[in-house]
Amino acid sequence: MIVIAALLVAVMLAAAAAALVFRDLLSAVIASCVVSLIASILFLLLQAPDVAMAEASIGAALITAVFVIAIRRTERYEE
Amino acid sequence: MRTLTSLILLAVIAVGIGFALTEVPFGTPKTEVGGYYLEHGREETGAANTVTSVVVGYRAFDTLGEVTVLFVAALGLGAVLAAAGGAGARREVEPASLVLRTGAILLFPLLVLFGTYIFLHGHLTPGGGFQGGAVIASACLLIYLGSRERIISRVGRTVTESLSGLAFVLIGLIGLAFSAQFLSDFLPKGTLNTLFSAGVIPLIYVAVGFKVGAELGGVIDDMVKETR
Amino acid sequence: MSFLQDYAYYIGAFGLVFIGLLIVLVQHNLIKVIIGVSIFDTGINLFLIAVGYIRNGTAPIFSRAGLEPGAMVDPVPQALVLTSIVIGVAVLALALGIAVRLYREYGTLDLRKIRELRW
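Chains as they are written, first to last, in numbering that gives the first Met the number 0: chain A, 0 to 78; chain B, 0 to 227; chain C, 0 to 118.
These are computed hints drawn from the structure, not numbers from a lab. Backbone N, C-alpha and C fix where the C-beta goes; we use that ideal spot for every residue, glycine too. There's no promise every hint is true.
Selected chain B positions facing chain C (in silico; Cβ < 7 Å) [as the list claims (entries may be wrong)]: (1) 0; (2) 2; (3) 20; (4) 25; (5) 26; (6) 33; (7) 36; (8) 47; (9) 54; (10) 75; (11) 218.
Derived list of chain B stretches under chain C, where covered just means 3 residues or more per stretch with a C-beta under 8 Å from a C-beta of chain C [claimed, not checked]: (12) 61 to 72; (13) 120 to 130.
Just chain A, same shape as in the assembly (with noise of 0.2 Å):
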């Protein structure tokens, strides 16, 4: 157990540092809408199911959203 939750961390910590060097906000917003959801999975691992539920809903589906519709509304490559 504590092996899948270290190659969770691992992953996730990759996705963020995606989002750190891609120049493409679409993809930027895709990268931090995986590290949502694999904190979602490790708030569950934590024994936290309210929490995970609410990170799930919240975090991973509409930020996300909030944020597509702002690129679109805006320029999707950063200069």
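Fit chains B and C to the supplied structure of chain A, relying on the hints for placement.
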């Protein structure tokens, strides 16, 4: 230059936090009030879910403050985006495909039902008002993805949001009238693990669920409606 | 192995905090900065839940008879993080609304150019 300074600063902070984390060992009990809530939560509030009894029972006033913060943020967003209607290039939008349109209209009542189930059973299973409200807001988002004109009426949404917020404060005031304490419990506690238990907690969560769902749906509505 | 067992969650949480801080300090596109604030929020919430974990504990829900309250994890950090997630989404939605309005006024989202436009 800026990158190098930031990296050095973060390295110094990381060393400091590393020394501080040795004082916080992983996996040992650290507070005493958590043990008190676990021991006495069942007979004092009647809810089987201890996190619900902490959020809505013992610390219900903080939840009222959080609902207020959410309301002020939605109000600010509406005020910022309302002035001097949409400028910028109008892009060509093509209508959504048939699968998306039909699927959105078929899934919308099921999603609202699922969200209502989540916050109605907040005191028995993991869940509660905020999670159920977010699922209802996702249902509104699905409708906006499926069709280009608004189907959810604006008047219905604002009336739902206002009445739910008012219901939360009214429940608190009725508790004040009953036993001189704002948001105290005035309904019978019932037996554990049944639907009609835990006093006034399910009523507060129903009000919070509808309010959060209508509010987050309104936030998405404000941000979408200017891309036309 | 025991080092990993003790500190895997702390390394994950503070790794997210530092990457989020680095994005806020270095990037010059406003939407990238807001993505950095969102990652920072997630890292802090993960740290709070990791502090409240007790070894071999279960979730604090009395779903069937016979569960001991002594073998459960701490419920207070979970209530705090629930509030924190909802307030985080409210603040991020308002920040994105202000960013959209800034783009409409200045025509660019580059923070260096917006600072120069003040004079």
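Hint check results:
The restraint placing residue 0/B at the interface with chain C is violated, with a minimum CB-CB distance near 11 Å, outside the 7 Å limit. Interface restraint check for residue 2/B: the shortest CB-CB distance to chain C comes to about 5 Å, inside 7 Å, so the restraint holds. Satisfaction of the interface hint for residue 20/B is found here, the shortest Cβ-Cβ separation to chain C being roughly 6 Å, below the 7 Å cut-off. Given the 7 Å rule on beta carbons, the hint for residue 25/B holds: about 5 Å separates it from the nearest Cβ of chain C.
Here the hint on residue 26/B is kept, as its CB sits about 4 Å from the closest CB of chain C, short of 7 Å. For residue 33/B, the suggested interface contact is upheld, since its CB lies about 4 Å from the closest CB of chain C, less than 7 Å. For residue 36/B, the interface hint holds, the least distance from its beta-carbon to any beta-carbon of chain C being 6 Å, beneath 7 Å. A least Cβ separation of about 5 Å between residue 47/B and chain C falls short of the 7 Å threshold, and the interface hint therefore holds.
Taking 7 Å as the C-beta cut-off, the interface hint given for residue 54/B holds, the closest approach to chain C being about 5 Å. The criterion of a C-beta within 7 Å of any C-beta in chain C is met by residue 75/B, whose closest approach is roughly 5 Å, and the hint holds. Restraint check, residue 218/B versus chain C: the minimum CB separation of about 5 Å is within 7 Å; hint holds. Requiring three or more residues with a Cβ within less than 8 Å of a Cβ of chain C, the coverage given for the segment 61 to 72 of chain B holds, as 6 such residues are present.
For the segment 120 to 130 of chain B, the stated coverage by chain C is satisfied: 5 residues place a CB nearer than 8 Å to a CB of that chain, which reaches the threshold of 3.
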